[in-house]
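Engineer: Add chain B to chain A, keeping to what the hints say.
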Amino acid sequence: MGARSTEVAHLFPDPLHTLSKAALAALAALAPIGVMAGPALGQTAEPRPALAWPQFQGGPSHPGTAEGPPPPYRQSWTFPVAPVGQQGVSAPIVAGEEAIVVGPDAVYGIELSTGEERWNLARTEGPSTTPAVANVKGTTVLLFIEGSSSSDAKLRAVELANRKPMWPSPFALGEQSHTGVTVAGDTAFVGDDAGHVFAVDLATGKERWSVLLNDAVQGPLTVAGGTVYTVPQGRLAIGATATPTVTPAPSPSPSPSGQVIGESNRVSLVALSASSGDPAWVVPLPVGTFFTSLPLAAEDSVYVAVADGALNGELIAVKAADGAVQWVHRGVGPVWQTSSPAAAGGAVYVADGRGGLWKFDPADGGRLFDFQFNEFIRRSSPVVVGGRAVLVGLGDGRLVAVDASSGHEVWESRTSPGLVGGIAVAGDLVLIAKGGLRGGVVAFEQDPAGVLIDVTSPSVADPGRLVGNFAIALVVMMVVLAVPLGYASRRTGPPEFLEEEAPPDEDGDVEDETG
Amino acid sequence: MTAKKRGKGKSRGPSQARTASAPASAATRRPPEAPPRPGLFGGLFGRGAAGPSPLGRITTALGRGFVVVGGSWPILLVSFLALFGEWAVLIALGTRTTPRFLVTSMALPPIGSAIDYQSAQALGGTAGIVVGFALLVARALVVAVLAGLIIGVLKGGRASVRDARRGLRAIPFVVAINVVGLSGLLVGGSLLQVLGFGLQFLGNVMLITALLYFLGFVPAIAIRERRGLLDTLRRSRAAASLAGGQQFTFCLLYVVALLFVLPLVGTVNESAGLITANPSVSAWLYGMVATYVNVSFLAALCYRWMAAEPHLATQPVRRRSR
Chain A
36 MGARSTEVAH LFPDPLHTLS KAALAALAAL APIGVMAGPA LGQTAEPRPA
86 LAWPQFQGGP SHPGTAEGPP PPYRQSWTFP VAPVGQQGVS APIVAGEEAI
136 VVGPDAVYGI ELSTGEERWN LARTEGPSTT PAVANVKGTT VLLFIEGSSS
186 SDAKLRAVEL ANRKPMWPSP FALGEQSHTG VTVAGDTAFV GDDAGHVFAV
236 DLATGKERWS VLLNDAVQGP LTVAGGTVYT VPQGRLAIGA TATPTVTPAP
286 SPSPSPSGQV IGESNRVSLV ALSASSGDPA WVVPLPVGTF FTSLPLAAED
336 SVYVAVADGA LNGELIAVKA ADGAVQWVHR GVGPVWQTSS PAAAGGAVYV
386 ADGRGGLWKF DPADGGRLFD FQFNEFIRRS SPVVVGGRAV LVGLGDGRLV
436 AVDASSGHEV WESRTSPGLV GGIAVAGDLV LIAKGGLRGG VVAFEQDPAG
486 VLIDVTSPSV ADPGRLVGNF AIALVVMMVV LAVPLGYASR RTGPPEFLEE
536 EAPPDEDGDV EDETG
Chain B
10 MTAKKRGKGK SRGPSQARTA SAPASAATRR PPEAPPRPGL FGGLFGRGAA
60 GPSPLGRITT ALGRGFVVVG GSWPILLVSF LALFGEWAVL IALGTRTTPR
110 FLVTSMALPP IGSAIDYQSA QALGGTAGIV VGFALLVARA LVVAVLAGLI
160 IGVLKGGRAS VRDARRGLRA IPFVVAINVV GLSGLLVGGS LLQVLGFGLQ
210 FLGNVMLITA LLYFLGFVPA IAIRERRGLL DTLRRSRAAA SLAGGQQFTF
260 CLLYVVALLF VLPLVGTVNE SAGLITANPS VSAWLYGMVA TYVNVSFLAA
310 LCYRWMAAEP HLATQPVRRR SR
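Those protein sequences? They're chains A and B, same order as listed.
The first sequence begins at 36 in my numbering and counts up one residue at a time.
The second sequence begins at 10 in my numbering and counts up one residue at a time.
For reference, chain A alone in the conformation it holds in the complex (with noise of 0.2 Å):
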């Protein structure tokens, strides 16, 4: 882990590339001296924020950046967790020196120099759910949900430190939850399959409100600029209340002033107030989506891709004050409720079950590139790391890179079982969930000698080969089925009924008594 401590960018720009000779040779002489004076002298590295990567995705908007190593990577180290039927571990989350994950039946406290188990704190089995951390009081707080029932189902709050209770009683949710916590400010934000959202108090545990959409809300809320966002599955309809809450009001609700996709009565992109619960905006996706990515939430605007039954998909833009639609794209592959949409340097990003890494602009929909890797991803969400590399997990195990700029793929790690899930980013370590059987955390380090690759994307047309390949095969066709075919079609003649018939006129009509 020597070399962690190093933050040396060369994707790109390469600063050691800039360097001479000679003063890498001082630079490698002089690292093992550094090493070796640091902890003599007291000194540490210098520590990482207290809240890295907090919850899902870097914050309650799914920004999904950070700065981090860009690539090469090589692993450092792994963490397994023994996986629970279809229950592997939840996206990793990072505060100060801990990675914290959530297993079927634990949540980890993982040391993040070393890979080792810090602490494991036992849960009531159930979905692993992305954990969250917030600071409350200057006491650094784990959230988490465990649970598998409407009577086990609870979020629960420990502090990080020792992990005591936070509060009197965990908070019991009215289902199962796949959500996870999202924090904003002093409130966590829970769904569950029965459609519940509820707003937490964090110091206290307590409700400030809850709302009830007619259908689960199966992924991370977002939460942005005082608004929660959600596409609970199914149509939105106003059910019975849960305690103390909001119902949505049919939507669009108000109206909003632009241009609105669809009608009421459809999977729909549903905006609450996040201090009260009431419903801002709703917008109806189109007719017949069928799925849809997590809602994003970056400047003024919101963006949420969805596909219809067909696997035909588009990433939507509406404005976040109002829901009007500012822009829909066409052309993306089918999208899951466990990915997210991804913002940095001016762009929005996102990655497809297909396979497909897109990059859009956010001002007119533009497509800016995108890669097809032909591997699904699931569990996965791009993140930006540095503003220069797009990271994603592939369901062949593959973490890839794609440079952000070209579009090109600039490095990939090999293939293993188990698709890879979210991502986090903590300083020098870029951590992912595994799935499978040996699935767990693996922790990826800067690679110094490792060696980036450059890839075109194979959607991206090459005159040569494709013409060539074509022209190759229009031979071989040729060759198969015109010479022994043109000969028996020789042999063959017309057919026995026009033998009778007219000779054509000059345009080859054959006259009839009605023409």
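I should point out that these hints are in silico values taken from the structure, not numbers from a laboratory.
The structure presented is a predicted model; accordingly, all values stated were derived computationally and were not measured.
Where a beta carbon is used, it is the ideal one built from N, C-alpha and C, also for glycine.
Some hints could be false.
[Stated by the list, open to error] Now the in silico label distances, taken between C-beta atoms and shown as ranges: (1) A:Gln110 <-> B:Val277: 35 to 45 Å; (2) B:Ala101 <-> A:Glu334: 27 to 37 Å; (3) A:Asn155 <-> B:Ala101: 54 to 64 Å; (4) B:Arg171 <-> A:Thr450: 56 to 66 Å; (5) A:Glu334 <-> B:Val277: 42 to 52 Å; (6) A:Gly401 <-> B:Gln202: 32 to 42 Å; (7) B:Ala97 <-> A:Asp399: 22 to 32 Å; (8) A:Glu334 <-> B:Thr258: 54 to 64 Å; (9) B:Gln130 <-> A:Ser451: 36 to 46 Å.
[Claimed, not checked] Partner residues are not named here, just some residues of chain B that face chain A (Cβ under 10 Å, in silico): (10) Leu85; (11) Thr107; (12) Leu294; (13) Met297.
Structural biologist: Showing chain B alone in chain A's frame:
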């Protein structure tokens, strides 16, 4: 060609056409007996008439179709270049798809037009409308030219520029059946949603088959005869429903081959399932084989129409007002 030579021929035309005493002129040509009574889906799955149908046997028509198309390099060349052209256009428009698209790329109307509709829909907006219309016309052009070439070869000649030019007259007719077929698919597909997923799927297959059943002969009729659209449609339906013709079975065979058999074959070709702008040689071969099948079915339809044509000449046909 003498009768003796005909006896050596490998094709077997409908028996009704084998009338040695038939007049030389098609204008005075009459079937020896009253034609089998047509009716809606008259020759649905079996032989409804006592004797062979004027449409001939399905196997004979298909055999002719495959030999005519495979044996004519101009037809193959036009087919494969059209395939390449459509792929190149879609890639240029930014479509992300796999080479499995090539299977249906040259499908007969209305399946082909449904594919164009999806491509246009993916673009959306004004661009989608413009591209959709352009694809519609381009597909009509290709189908019309191919039908012209096929009819030229079926008549015993070689495919020529003149045949292709003659085929151009079918363009408005093919545009029309594209529009009719697409409308039928969209409306019918919407109505079939009430059936639930399984039955809806079956219903869609039947709907496509029925549209092909009614509209399948239109390109050939448009090239062979100068008639108005309604007359052409009426004659297409009349020919399809000739008793014992098994035209519905023929159409169902095509739909099954196109939507089930060819895609199944395509699963063997792994590269055909990957999103790319540059299909591999094997993916192109796969697409060309599918195109060959598609065009051969078009040729078989032309053959069947030409076999049935003399028997429908006596049917009442509304004249175009001039």
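Engineer: I want to verify a distance hint. Is the separation of the beta carbons of Gln130 of chain B and Ser451 of chain A within 36 to 46 Å?
Structural biologist: For Ser451 of chain A against Gln130 of chain B, whose Cβ atoms are near 39 Å apart, the range 36 to 46 Å holds.
Engineer: Against chain A, run the beta carbon of Leu85 of chain B and see if the smallest gap drops under 10 Å.
Structural biologist: Because about 6 Å separates Leu85 of chain B from the closest Cβ in chain A, which is inside the 10 Å limit, the hint holds.
Engineer: Any CB of chain A closer than 10 Å to the CB of Thr107 of chain B?
Structural biologist: holds (9 Å)
Engineer: Holds or violated: 27 to 37 Å for the Cβ distance of Ala101 of chain B and Glu334 of chain A?
Structural biologist: holds (32 Å)
Engineer: Should the hint that Glu334 of chain A and Thr258 of chain B are 54 to 64 Å apart at their CB atoms be regarded as holding?
Structural biologist: holds (60 Å)
Engineer: Okay, Asn155 of chain A versus Ala101 of chain B on CB: inside 54 to 64 Å?
Structural biologist: holds (55 Å)
Engineer: Using the Cβ atoms, figure out if Glu334 of chain A sits within 42 to 52 Å of Val277 of chain B.
Structural biologist: holds (48 Å)
Engineer: Verify the interface restraint on Leu294 of chain B: the C-beta must sit less than 10 Å from at least one C-beta of chain A.
Structural biologist: Check passed: Cβ of Leu294 of chain B comes within 5 Å of chain A, closer than 10 Å.
Engineer: Between the beta carbons of Gln110 of chain A and Val277 of chain B, is the distance compatible with 35 to 45 Å?
Structural biologist: holds (36 Å)
Engineer: For the hint 32 to 42 Å, verify it against the beta carbon of Gly401 of chain A and that of Gln202 of chain B.
Structural biologist: holds (34 Å)
Engineer: Evaluate the given range 56 to 66 Å for the C-beta pair formed by Arg171 of chain B and Thr450 of chain A.
Structural biologist: Holds, at about 58 Å.
Engineer: Would the stated hint for Met297 of chain B survive a check requiring a Cβ distance to chain A of less than 10 Å?
Structural biologist: holds (5 Å)
Consistency note: the structure conflicts with none of the earlier hints.
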